[in-house]
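Below, each chain spelled out in residue letters.
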Amino acid sequence: MELIRVEEVSFAYLPGKLVLDRVTLRFDHRSTAIIGQNGAGKTTLVKLMKGLLKPFDGEILIGDLSVKKVTAASLAKRIGLVFQNPNDQIFKGNVLEEVMFGLLNIGVEREEARVRAIRALEMVELEGKRDMNPHDLSLSQKKLVSIAAVVAMDPEIIIFDEPTIAQDHAGKERIKEIIRYLDEKGKMVMTIIHDMDFVAECFERTVVMNRGRVLLDGPTREVFSREEVLKEAYLELPTVAQLSKRLGLSETFLTPKEFIAHLEGRIKG
Amino acid sequence: MKKVMVEHLKYRYPGTEKLALDDVSFEVEEGELIGIVGRNLSGKSTLAQAIVGLVPHFYRGAYGGKVIVDGIEVLHSTVSDISRKAGIVFQNPFTQVTGSKLTVYEEVAFGLENLGVPRSEMMERIDEALTLLGIYDFRHANPFDLSGGQMQRMAIASIIAMRPEVIILDEPTSQLDPQGTEEVFLAVQRLSREGMTVLLIEHKLEKVARYADKVLWLDEGKVMAYDSPSKVFSRDDLEEHGLAAPIYTQICKALKLKSPDGETYPVTLEGAYEVLKRWN
Ligand SMILES: Nc1ncnc2c1ncn2[C@@H]1O[C@H](COP(=O)(O)OP(=O)(O)OP(=O)(O)O)[C@@H](O)[C@H]1O
Ligand SMILES: Nc1ncnc2c1ncn2[C@@H]1O[C@H](COP(=O)(O)OP(=O)(O)OP(=O)(O)O)[C@@H](O)[C@H]1O
Ligand SMILES: [Mg+2]
Ligand SMILES: [Mg+2]
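Chain order of the listed sequences is A and B.
Here the first sequence stands for residues 1 to 269, numbered as in the UniProt record's numbering.
Here the second sequence stands for residues 1 to 280, numbered as in the UniProt record's numbering.
Bound conformation, chain A alone (with noise of 0.2 Å):
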């Protein structure tokens, strides 16, 4: 089933600058990454979808809703976006309150919101800073409570603008395994990022964008195994992908586990 039609949608924030040209991207279960060159495009396309801006040509669907018809409350229950800049999305003056923010808007009784904010917050091991400011906490922190708040609103989509910024090793993981976690529970995951091993271990398809239009679209092996497009998109291959390629192996690795395994291998026989 698609989840998402993206019909030869165009955009421009200033008159003749075009920053979408007319993309056309279907997406249905699997978990997908956007990846492509700074400014390519990737956070215009998703605020698109969620209805924070209004193509000027083109229709996208969600569903069966058409975005240019509904509101944006009721796009709300179907599609939850992770801001690039958790800045632009903190409104309250306590975590807690600002975990459950949504829930409310979206007619969740409160008692209710209560519950599921705090879960959320357990999810990201946040859950002991529940009455602090939003705003005294550090960037990565605060990343992970705009993650709370969409995921705490179980949308069937849910879309994240460059998750990993300012994590360290333990919050990659965790994120990872949310991603996982919401994967298994039938939710359409969409990623925007620039960590290409994270890309290579995570997402079943990837997206590639370049100066607004989709330059390659597939498995993401398959895209990994396509050097020259991603050189032109500004991007370059998974960390293990590129020692395989200097050791001269055809094959495109994505994870360290399977290149070892496969070296573990050769060392043996």
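Source of the hints: derived by calculation from the structure; they are not laboratory data.
Treat the hints with care, as some may be off.
[To be verified] Derived lysine-lysine pairs resembling PhoX-like cross-links, with alpha carbons at most 25 Å apart:
hint	chain 1	residue 1	chain 2	residue 2
1	B	256	A	268
2	B	101	A	17
3	B	256	B	231
[Claimed, not checked] Simulated restraints, written as ranges between beta carbons of each label pair:
hint	chain 1	residue 1	chain 2	residue 2	range
4	B	195	A	66	53 to 63 Å
5	B	195	A	247	35 to 45 Å
6	B	72	A	247	42 to 52 Å
The beta carbon of each residue, even a glycine, is placed where N, CA and C say it ideally should be.
Assemble chain B with the ligands onto chain A, guided by the hints.
Chain B with the ligands in isolation, oriented as in the chain A frame:
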């Protein structure tokens, strides 16, 4: 010549109980490129702010020990005096933007005006910095209309244009595309070779291993190590303290293949290639 000297630095933010920096000591030679690593909340940004004097002059709090930058002691200097020697690119580029300038160009010019750089030289330096960071085409754009990565590029350009003796970059590539990240590392490497002293806070350890002369590893406000990338990233206690070794190192470690020195593991692509090629 020692450009940065930190001696037994201890610091606690006002209203908190834990030391954010706990007896930190290290020295940096002129022109060195130092990678500062450590898990979240380990004290990296606090140390960066202590070098430019925002700790303690702006944040206040309890302070002990000494920080000397290019011969002046931070505690006894003003933030404005220190800013003539050391520039900082903040962790979140959104906090770096002045908010009062209408174009990217004016934004980058701002710091130079404060330094009193002559107009013609100013223009030259701005063009150079904008080109270096790949945002020359956006010079007339409003800073708040930039994409996240473009804004981060602008923040770096603003500081590089000022050509400080010491530059501290706090996770400058967190929102950059892979090529942009590589370009920033190459640019700071070039600046360090030209004599600028560079301190770079970064979670991308593969890049730190490739470009840093030395690695300063912090945990819970304490120095865990200050040594070459291969020594630091070969340690067995990284995971225990929330750090994952570079992927090259993880692979060689899993295969029990050490570098030719017999002590450390490879930390870079080339290092890993050297020990793995015979299995090919
Ligand atoms: N509010 C705005 N007004 C004018 N131009 C804008 C605005 N927001 C973004 N742009 C421009 O639109 C283009 C696409 O921006 P967008 O934020 O979608 O890029 P992105 O792919 O998310 O980049 P990044 O990886 O840096 O986050 C950029 O060139 C940017 O300068
Ligand atoms: N303005 C502040 N007021 C009070 N405590 C602070 C402040 N800024 C940081 N801290 C505390 O100081 C300690 C060190 O934080 P710091 O921001 O220096 O860590 P960091 O290594 O830069 O972390 P990150 O990787 O998340 O950026 C933490 O315990 C943090 O909570
Ligand atoms: Mg973006
Ligand atoms: Mg920090």
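Going down the list of hints, with the structure as the test:
| no. | hint | result |
| --- | --- | --- |
| 1 | B/256 <-> A/268 | holds (13 Å) |
| 2 | B/101 <-> A/17 | holds (22 Å) |
| 3 | B/256 <-> B/231 | holds (16 Å) |
| 4 | B/195 <-> A/66: 53 to 63 Å | holds (59 Å) |
| 5 | B/195 <-> A/247: 35 to 45 Å | holds (37 Å) |
| 6 | B/72 <-> A/247: 42 to 52 Å | holds (50 Å) |
Figure legend: structure checked against the earlier numbered hints; every hint is met.
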